[in-house]
Structures are given as structure tokens and as C-alpha cells.
Amino acid sequence: MDNQYVQNIELTDDELVDGYLNGDISSFNRILGRYQAKLFSYIYHYTGNRQEAEDIFQETFYRVIANLKFYKQKGYFKAWLFRIAFNICIDHIRKKRKVKILSMSQQFSSDETEEVALENMVASDAPSPAEIANGKETQRLLREMLGVLSKAQKEVLFLRIYAGLSFKEISQVLGCSINTVLGRMQYALGHLRNILKEKGVIDEL
Amino acid sequence: MNCKKCQKLYLLSLDGQLTPRQKRCMDEHLRLCPDCQRQVQDIRNLQLKLEKAEKIFPSEQVLQNIRDEAYQNLPSLEKQPFFSFPKVQVVLPRLAYALAVIGVLFFALKIITLRWQTSPIETLQIAKTTGDVVGRDFEYMDKYFNDKYVNKTEKDIGEAFYVIDETKQLLALASKKYDLSFYVQQESLNDSLLDLERRVKKINTEIQ
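Protein chains in written order, with this note's numbering: chain V, 1 to 205; chain L, 206 to 413.
Just so you know, not all the hints are guaranteed correct.
Said to hold, decoys possible - Here are some chain L residues pointing at chain V (derived, C-beta under 10 Å):
{"hint": "1", "residue": "K213"}
{"hint": "2", "residue": "L214"}
{"hint": "3", "residue": "L216"}
{"hint": "4", "residue": "Q222"}
{"hint": "5", "residue": "N250"}
{"hint": "6", "residue": "K254"}
{"hint": "7", "residue": "L255"}
{"hint": "8", "residue": "F262"}
{"hint": "9", "residue": "V267"}
{"hint": "10", "residue": "N270"}
{"hint": "11", "residue": "R272"}
{"hint": "12", "residue": "A275"}
In short, the hints are calculated from the structure, not lab data. Every residue gets a Cβ at the ideal spot worked out from N, C-alpha and C, and that includes glycine.
Please construct the entire structure, taking both the sequences and the accompanying hints into account.
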């Protein structure tokens with residue numbers, strides 16, 4: 001009974017980090033369990049490819065493990081974790097773009113921006129597992145519509161809907177002011193809303 | 206309160222981050238603005254739809270790799286065999302000494318810079334060039350005058366009036382510029398500015 005009671009207590013991220021740093025492996029596993037779905041959903045939608053997303057996910061946690069002893073910003077573990085993942089995603093897309101430009105210089109003009117590269121990946125034709133699983137119209141449309149949004153707006157939107165971060169946490173991850181985050185979210189939602197209305201998909205809106 | 210600010214406040218309210226004052230402002234605007242009511246309703250619907258996005262999980266193999274990595278790097282496992290006293294005893298006191306000196310210097314410097322901070326007049330000049338009045342600057346101004354009133358000379362009072370008037374004008378100018386964080390501060394700044402003015406006037410009459 002006692003043991004079960006202890007198991008059910010909701011420990012904070014910081015307490016779990018301390019637990020791991022003091023040699024308790026189960027603390028780490030609980031952190032992993034707590035964030036695996038949100039973090040993976042976020043990375044997956046950012047890259048649009050399951051294999052790449054798994055590589056980035058693994059790399060993120062490897063870096064977390066290596067740097068956990070330097071984690072000093074008590075109370076900001078979630079933002080810290082997503083910031084690491086975000087940086088790896090950015091690096092990954094830069095690298096991928098370089099490879100693409102080198103190997104397919106005919107198709108990719110040299111002045112292609114990072115934004116376009118990201119767009120291509122996100123809006124790739126291959127259906128995502130989420131689509132296969134629940135084939136919902138809004139899900140498919142959402143993916144289609146993302147091409148309209150700017151890179152900055154997408155970053156905010158993804159952190160909000162897939163990672164479920166608060167606006168304050170998003171501002172910490174992206175390193176900009178909360179006002180900027182709110183502005184981008186506002187524009188992103190406005191864009192989506194207009195398109196959905198134009199297409200007549202969401203009449204009740 | 207314009208519509209753009211209202212909608213930002215609404216987004217912020219989803220996180221439960223509004224102060225009572227902000228919430229009042231938002232509700233009041235929403236009550237009077239049918240356009241914003243519609244927009245907010247749309248945002249709410251859209252958010253609900255977007256948040257239905259299904260959670261996706263990484264493969265068990267990846268999770269196992271991560272667990273293994275975490276286990277191999279478990280902090281207490283790697284430390285123990287390498288613990289050697291002689292080295293630590295030589296290095297640590299010197300390091301501690303150096304750190305202590307740096308620490309003392311740092312605090313001394315901080316105190317000195319606090320004392321010799323720019324005067325309200327100078328702060329004002331800076332604020333004029335940038336067009337911003339920041340709450341922090343103003344708090345300092347307030348404190349500065351409080352300290353100065355010990356002497357209560359006419360020159361100081363004159364200076365105080367000058368700074369208060371100029372700050373008021375700057376506030377009026379800055380409030381036209383769009384900035385949510387400033388908007389939040391603006392009213393409390395105005396309040397403390399009026400408060401300061403009252404006190405300066407009182408001291409002025411005392412002197413006379």
C-alpha cells in the first residue's frame with residue numbers, strides 16, 4: 001500500500017531531475033514517460049518524417065542526459081527540454097537543406113529560404129500516421145494550410161498545439177517576448193480561420 | 206483597449222495568466238465590441254479543433270535506447286571510483302579563495318553602481334531619445350527623490366517638478382505606441398507618478 005501511495009504522488013520535473021542526479025533511474029523514466037508523447041508529436045510535425053523524428057527525439061534525450069547536471073533553471077524544465085529539441089530540429093533542417101541543394105541543384109534554386117525547405121517537409125505528400133489513424137478532415141486540412149503560415153508562426157503554433165506549452169513557455173523556448181508570441185499566434189489563427197471559412201469547411205465558425 | 210490587444214489578452218487568458226485588472230479590461234471590451242466577441246468565439250472553436258490533434262508516440266526501440274543511455278550515465282555510478290582526495294584538497298581552497306574574492310568584488314561593484322546610478326534628469330534624457338518610459342527607471346526616480354528630500358532645498362523641488370512634468374508628457378507619448386507589456390504598466394505608472402507629485406507639492410508647501 002505504502003509503495004503504491006508513493007508511486008502515485010505527482011512529483012515536479014525538478015524533483016525528478018534531482019532524483020535522477022542522485023542516482024534514481026526511475027525518476028528519469030518518469031520524465032521520459034511524462035513528455036514522450038508531446039515531444040515526439042511536436043518533433044514529428046516539425047519534420048514530417050517518422051524516421052527523422054525518432055532520430056531527433058533520441059538525440060534530444062541524449063543531450064538532456066549529458067546536460068542534466070548543468071540544468072540550473074529550476075522550474076523551467078519543460079521549456080528547457082523543448083528548447084533543446086527545437087534547436088536540434090533547426091540544425092537538422094539546415095543540414096537537410098544543404099544536402100538537398102547539393103544533390104538536386106536543378107530543382108532547388110540557391111536563393112531558396114529555410115522557410116520553403118521547412119514548408120516542403122511539413123506539407124509533404126505522404127500522409128501522416130495521425131491522418132491514417134483518424135483521417136479527420138480538419139487534420140488533413142490543417143497540414144495543407146500550413147503552407148500559408150510563416151516559419152515563425154508555425155513554430156509558435158506547433159509548440160502550442162502539439163507540445164501543449166503555455167505562451168510563457170513558448171516565449172522561453174523561442175527566446176522572444178511573450179508579446180511577440182501572442183502576435184504570431186494571433187496571425188496564425190487568423191490565417192487558418194480565414195482559409196477554413198473560404199473553403200466553407202467550418203461554417204459554424 | 207483596442208481589438209488587437211483584447212484578442213491577445215484573450216489568448217493569454219487561456220493560460221490563466223491575466224491579472225484581475227487585465228481581465229476587467231478584456232471583459233469590458235468584449236461586452237461592447239461584437240466584432241471581438243465573434244473573433245474570440247472563432248479562436249475558441251479553432252483551438253478546440255486543433256487541440257484534438259492525435260498524440261503520436263516514438264517506437265519502443267528508441268525509448269529503450271534512451272533508457273539505456275540514461276542508465277549508463279547515472280550520475281552516482283560514474284563518480285565514486287574517481288574520487289581522489291589529495292588533488293581536491295590542493296585545488297579546492299585556492300579555487301574557493303579566488304571565487305570568494307571575485308564574489309566580494311562583484312558585490313562591491315554592484316553597490317557602487319547602485320549608488321552612482323544616473324540621476325532622474327539623465328534618465329529622462331535617455332527616455333526622451335528612446336521614447337520609452339520603463340517602470341524600473343521610474344521606481345528608481347521615485348526612490349531618488351525620497352532620498353533627496355532629506356535636504357529639501359528649493360533646487361531639488363524644482364528639479365522634481367521638472368522631471369514629473371516631463372515624465373507625464375513622455376508617458377502620454379509612449380502610450381500611443383502599441384505595446385502590450387507597456388499597456389499593463391501604464392496605469393500603475395500613472396498612479397505612482399500622481400502620488401509622487403502629491404508628495405512633492407506637500408513638501409513644497411512645508412518649505413514655504
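Worksheet item: If you take the shortest Cβ to Cβ gap from N250/L to chain V, is it below 10 Å?
Response: With a minimum Cβ separation of about 6 Å from chain V (threshold 10 Å), the hint on N250/L holds.
Worksheet item: Given F262/L as an interface hint, is the shortest Cβ-Cβ distance to chain V below 10 Å?
Response: 6 Å, holds
Discussion item. V267/L was flagged as interface toward chain V. Is the shortest Cβ-Cβ separation under 10 Å?
Written reply: At 5 Å from the nearest chain V Cβ, V267/L passes the 10 Å test, so the hint holds.
Practice prompt. Could you check if Q222/L really has its C-beta closer than 10 Å to a C-beta on chain V?
Written response: Nearest chain V Cβ about 7 Å off; hint holds.
Worksheet entry | Hint check, K254/L versus chain V [nearest Cβ-Cβ separation less than 10 Å] | 5 Å, holds
Worksheet entry | Agreement of hint R272/L with chain V interface, Cβ distance less than 10 Å | Check passed: Cβ of R272/L comes within 6 Å of chain V, closer than 10 Å.
Discussion item. Would the hint on K213/L be counted as holding, given a Cβ-Cβ threshold of 10 Å to chain V?
Written reply: 4 Å, holds
Worksheet item: Do the numbers back the hint for L214/L, that is, is its least Cβ distance to chain V under 10 Å?
Response: This interface hint holds because 9 Å falls under the 10 Å limit.
Discussion item. Interface hint check: L255/L, Cβ to nearest Cβ on chain V, cutoff 10 Å. Holds or violated?
Written reply: Holds, because the Cβ-Cβ distance from L255/L to chain V comes to roughly 5 Å (cut-off 10 Å).
Fill in: Interface hint status, A275/L versus chain V (Cβ within 10 Å)
5 Å, holds
Item to complete: Answer holds if the nearest beta-carbon of chain V is closer than 10 Å to that of N270/L; otherwise answer violated.
Response: It holds, given that the least Cβ distance between N270/L and chain V is near 6 Å, below 10 Å.
Item to complete: For the hint on L216/L, just tell me whether its beta-carbon gets within less than 10 Å of chain V.
Response: L216/L check passes; min Cβ-Cβ to chain V is 5 Å, inside 10 Å.
The structure shown violates none of the earlier numbered hints.
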